[in-house]
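Undergrad: This is what each chain is made of:
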Amino acid sequence: MAKSIDVSDLDIYYGDFLAVEGVSMTIPARSVTALIGPSGCGKSTFLRSLNRMHEVIPGARVEGKVVVDGQDLYSADVDPVQVRRQIGMVFQRPNPFPTMSIYDNVIAGMRLNNAKLKKAEADDAVEKSLRGANLWEEVKQRLNKPGGSLSGGQQQRLCIARAIAVEPQVLLMDEPASALDPISTSAIEDLIHDLKSDYTIVIVTHNMQQAARVSEDTAFFNIAGAGTPGRLVEMNTTRKLFSVPDDPSTEAYISGRFG
Amino acid sequence: MNVRIPPQGPRLTVKSEIEIPIGDRHETEADRRSHLPLTHPRLPRWAPALVATLAAATSTLLALTLGWGPIPWVLVGVLLTLVALPLWARAVEGSRSAKDRLVTSLVWTAFGLALVPLVSLVWEVLGNGLGVIDAEFLTYSMRNIVGEGGGIYHAMIGTLLVTGAAAVISIPIGLLTAIYLVEYGGTSRLARAITFLVDVMTGIPSIVAGLFAYALFVLFFGEGIRFGFGGAIALSLLMIPIVVRSGEEMLRLVPHDLREASYALGVPKWRTVVKVVIPTALGGIVTGVTLAVARVAGETAPLLIIAGSTDSLNLNLFGERMMTLPVYIYYSYTQPGVPAEYGQERAWGAALVLIVIVMALNLIARAIGRRYAPKTGR
Numbered sequence: 001m002a003k004s005i006d007v008s009d010l011d012i013y014y015g016d017f018l019a020v021e022g023v024s025m026t027i028p029a030r031s032v033t034a035l036i037g038p039s040g041c042g043k044s045t046f047l048r049s050l051n052r053m054h055e056v057i058p059g060a061r062v063e064g065k066v067v068v069d070g071q072d073l074y075s076a077d078v079d080p081v082q083v084r085r086q087i088g089m090v091f092q093r094p095n096p097f098p099t100m101s102i103y104d105n106v107i108a109g110m111r112l113n114n115a116k117l118k119k120a121e122a123d124d125a126v127e128k129s130l131r132g133a134n135l136w137e138e139v140k141q142r143l144n145k146p147g148g149s150l151s152g153g154q155q156q157r158l159c160i161a162r163a164i165a166v167e168p169q170v171l172l173m174d175e176p177a178s179a180l181d182p183i184s185t186s187a188i189e190d191l192i193h194d195l196k197s198d199y200t201i202v203i204v205t206h207n208m209q210q211a212a213r214v215s216e217d218t219a220f221f222n223i224a225g226a227g228t229p230g231r232l233v234e235m236n237t238t239r240k241l242f243s244v245p246d247d248p249s250t251e252a253y254i255s256g257r258f259g
Numbered sequence: 001m002n003v004r005i006p007p008q009g010p011r012l013t014v015k016s017e018i019e020i021p022i023g024d025r026h027e028t029e030a031d032r033r034s035h036l037p038l039t040h041p042r043l044p045r046w047a048p049a050l051v052a053t054l055a056a057a058t059s060t061l062l063a064l065t066l067g068w069g070p071i072p073w074v075l076v077g078v079l080l081t082l083v084a085l086p087l088w089a090r091a092v093e094g095s096r097s098a099k100d101r102l103v104t105s106l107v108w109t110a111f112g113l114a115l116v117p118l119v120s121l122v123w124e125v126l127g128n129g130l131g132v133i134d135a136e137f138l139t140y141s142m143r144n145i146v147g148e149g150g151g152i153y154h155a156m157i158g159t160l161l162v163t164g165a166a167a168v169i170s171i172p173i174g175l176l177t178a179i180y181l182v183e184y185g186g187t188s189r190l191a192r193a194i195t196f197l198v199d200v201m202t203g204i205p206s207i208v209a210g211l212f213a214y215a216l217f218v219l220f221f222g223e224g225i226r227f228g229f230g231g232a233i234a235l236s237l238l239m240i241p242i243v244v245r246s247g248e249e250m251l252r253l254v255p256h257d258l259r260e261a262s263y264a265l266g267v268p269k270w271r272t273v274v275k276v277v278i279p280t281a282l283g284g285i286v287t288g289v290t291l292a293v294a295r296v297a298g299e300t301a302p303l304l305i306i307a308g309s310t311d312s313l314n315l316n317l318f319g320e321r322m323m324t325l326p327v328y329i330y331y332s333y334t335q336p337g338v339p340a341e342y343g344q345e346r347a348w349g350a351a352l353v354l355i356v357i358v359m360a361l362n363l364i365a366r367a368i369g370r371r372y373a374p375k376t377g378r
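Same order as they appear, the protein sequences are chains A and B. The C-terminal residue of the first sequence carries number 259 in the working numbering, and the numbering is unbroken. The C-terminal residue of the second sequence carries number 378 in the working numbering, and the numbering is unbroken.
It cannot be assumed that every hint is accurate.
Pulled from the structure, derived: some chain A residues nowhere near chain B, Cβ distances all over 10 Å [stated by the list, open to error]: (1) Asp6; (2) Gly15; (3) Pro28; (4) Gln71; (5) Asn95; (6) Thr99; (7) Pro146; (8) Ser184; (9) Ser197; (10) Ser249; (11) Ile254.
Calculated lysine-lysine pairs in the PhoX-like style (CA-CA distance at most 25 Å, straight line) [stated by the list, open to error]: (12) A:Lys128 <-> A:Lys3; (13) A:Lys196 <-> A:Lys240; (14) A:Lys116 <-> A:Lys128; (15) A:Lys118 <-> A:Lys128; (16) B:Lys269 <-> A:Lys116; (17) A:Lys140 <-> A:Lys116; (18) A:Lys128 <-> B:Lys275; (19) B:Lys275 <-> A:Lys145; (20) A:Lys145 <-> A:Lys118; (21) A:Lys118 <-> B:Lys99; (22) A:Lys128 <-> A:Lys145; (23) A:Lys145 <-> A:Lys116; (24) B:Lys275 <-> A:Lys119; (25) A:Lys196 <-> A:Lys128; (26) A:Lys128 <-> A:Lys140; (27) A:Lys118 <-> A:Lys140; (28) A:Lys65 <-> A:Lys3; (29) B:Lys275 <-> A:Lys116.
In case anyone wonders, no lab produced these hints; they're calculated from the structure. Glycine is no exception: its CB is placed at the ideal position from the N, C-alpha and C atoms.
Extracted from the complex, chain B is given alone in its bound form:
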């Protein structure tokens, strides 16, 4: 008696185990047809935070006991989160949610990874450069300075002059090219050739732009020519394709309806472009141009070749060497002089100033973009 019952028991349960799921599935199928299931079990809102905290605690514990460095410590924590959260979601919410949680975690991980170099760079530059910046640093050049003291006044002025001249050259050429490509070129052979050349120009290494400008001016002024305007030419070579590209994108975004509305009022094409198309795209165009300026303001290689390096302030773009911030940073760090620490400190300070200038340009671009965006508010 005692021996027989156990085999029967399992057999029965096996049967019922097979039957119940099938019955269940039929039921849910029927349920689905009769009424839409709109709710399903969800993890609590704080679940990702909880998993991340637990994973961090576990990896900290492991790191402390096994004596790991910071990299395996972070890596194990992230991996634990990436595994644990989807598994928990799969158990409670189902496989679709598990995939969602996994991809969401991956995106956050990638975001964090992308932030690491940015934050560490800003941190490093702030830490090393902030102490250097004072009134003297911003208002003195390096003329007759050995060792302590001196500043970046000549390099700031040089960067502003060279970048400004590059902008003055590139913005009209770039924008007019973009206008031609969008409004007049269409699919003509010339337009396609220009588009191709602009694409090629986008890929020019900046050192090649510098060598081109140098080679160009050697033809006129002989070997060893160094002056600020040459740097502006080299930078505009890098800037024009960016301006063309962004301007083209923005002009193409202007709805064709608006052009037709203007034509239908009897407005000539050139006035339509000037008064309707460009104002509509102006916010985007200004943003693109400012970003292009910010992008070339930090170029080093071409200026090293053609603008040269000097310790003195030079306000003349067309004669003599002109210092710029990136070149200043390069020389202060590679040839700091004796004692070396003052030169290197000044390099950090100049790097901080350059970052601030570029960031200020970016912020101005955003503000202008918002200011000129077409207004739709009621």
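Here chain A stands alone, though its shape is the one from the complex:
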């Protein structure tokens, strides 16, 4: 059920400010694509434009094409709500809903979208999603406790469970492990490995080792200077990009000479 994403000539604006310019890439289905680059180069902005979360910010807009399953996400008759049901997102900071229990957090997406959900269906969905997010064993005894009672790493996996509970085609992850300790990070990375057989995953990361560990393909974004738009410099298989990159600035970045 996973879908690939074709991006062509994408320009992303905040008001009049052009933040990302001229990105074209193909994100393959059922694999992990990593986006790397220095801070402010527009990788998170690009990621958020893939499920129309970018336009949540006042004044933000996008020009260009993002085609999923033959449909351009930015054509006039596309409903952003439907897009986000197909393309889920996990954020940098864990953000479980504070008023809901662990159980309710997991089925929040389903329950908020379709009011009628049988108890047995809900139970199944919760267990399946929590198992999928590697969290079931840790929380199965306390599903009715508030989501905020978990540790940071557990909360992030709860957010992943919440995102996969609505069974999206694509999962976008914006630095999902940057606020976590090494053990939780490794749990999340294992999870990404398990999830890629079912989902197309795009992950933004500042950690190049992490990009090398989890992804099949890597895209390097760069920025010429403050106030200039970010650009896609190079996209290659992860193996090639980290060993013999085509572009000299990619090599400078991954070898730590700048950024």
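Let chain A serve as the given structure and place chain B on it in line with the hints.
TA: The following block gives chain B in isolation, referenced to the frame of chain A:
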């Protein structure tokens, strides 16, 4: 010989007095660099209490000997504490601590000052009103009562009806306005205009709200109209801005992350507002609303104009005059009848009941706020 030595002595000591401090300062400077001084002399924990007690004793002594009244007596005691404690702290602990002690004492003084009217008010009302309240007082109206007896039943019911109707009008309007301002308005011209108007409404004197309601209903029903619903309109004019303001504050406190998390699950905006944003802010919203109700429950002026005054129980908001507690207190005290003491006693009793109602609303607000606050406990 005897004459010479004294001049030399002082000269030597003068020299050493100059040198020793300099030497000391060099030493402490060097000390500071070599190791951090983490301890310094402190006054004992009971020092403020001791100073306050001594100051109180001194001012009592002065007051007794000089025949002062209570105000200079308290004032001298407080001033003595304010001067003595920082001076003592300066001698022992240094100037930073002295400032700290001075400001701490000032804050406590201000706290005490703020408590004076509150305590004296509660004391006075309890003392005068407690004896009046009995079963008859709470269950009888003033119909056909002259002199002793009667009660505030009609006024309590009136206050509950008028305030309840005001809440029913203001809460939906106020909360929907707050939701519009935070979730949909953004920085649009309409939102800015609404914010400005709400700010203006916050400053409306309550008598003006009453006159507005009266003028409004005179248009429909002619001169001299008095009824409970008009009072509810006047009160809601005062209540709406409070509800908008507090609701807005609470909705703005909801982290943007939560809205984005909900959008990213494919939840439409209106469902995000209803199911995620409002439940997260619910504790604060309910508290704000209840405080707004408590605030308007004690309004007198607008009800005097539009709800009117009567001795009988009236359960119909839309017809006839309706008594409310503040108006009851006002008339019982200004026109107590003959003999005057019974009317004035009833005014005190009604004041006590009104305070209890408002305080109960405040306590309910706190309890509800705690009940709905987002749970983070492990």
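Undergrad: Grab the minimum beta-carbon distance between Asn95 of chain A and chain B and tell me whether it stays above 10 Å.
TA: 4 Å, violated
Undergrad: Per the stated criterion, does the least C-beta distance between Pro28 of chain A and chain B lie above 10 Å, as a non-interface residue requires?
TA: 22 Å, holds
Undergrad: Take a quick look at whether Lys196 of chain A and Lys128 of chain A sit within 25 Å of each other, Cα to Cα.
TA: Cα-Cα ~16 Å, so holds.
Undergrad: Between the alpha carbons of Lys118 of chain A and Lys128 of chain A, is the straight-line distance 25 Å or under?
TA: OK: Lys118 of chain A and Lys128 of chain A at ~15 Å, within 25 Å.
Undergrad: Does Gly15 of chain A sit more than 10 Å from chain B, CB to CB?
TA: With a cut-off of 10 Å, Gly15 of chain A remains clear of chain B, as the shortest Cβ separation is near 12 Å.
Undergrad: For Ile254 of chain A, is the shortest beta carbon distance to chain B beyond 10 Å?
TA: 30 Å, holds
Undergrad: Given the hinted pair Lys128 of chain A and Lys3 of chain A, is their Cα-Cα distance within 25 Å?
TA: 21 Å, holds
Undergrad: For the pair supplied as a hint, Lys118 of chain A and Lys99 of chain B, confirm whether the alpha-carbon distance does not exceed 25 Å.
TA: 66 Å, violated
Undergrad: Is it correct that the beta-carbon of Gln71 of chain A has no partner in chain B closer than or equal to 10 Å?
TA: 16 Å, holds
Undergrad: Check the non-interface label on Ser197 of chain A: least C-beta distance to chain B beyond 10 Å or not.
TA: 22 Å, holds
Undergrad: If you draw a straight line from the CA of Lys196 of chain A to the CA of Lys240 of chain A, is it 25 Å or shorter?
TA: 20 Å, holds
Undergrad: Is it the case that Ser184 of chain A keeps its Cβ farther than 10 Å from each residue Cβ in chain B?
TA: 17 Å, holds
Hint violations for this structure: numbers 5, 6, 7, 21, all remaining hints satisfied.
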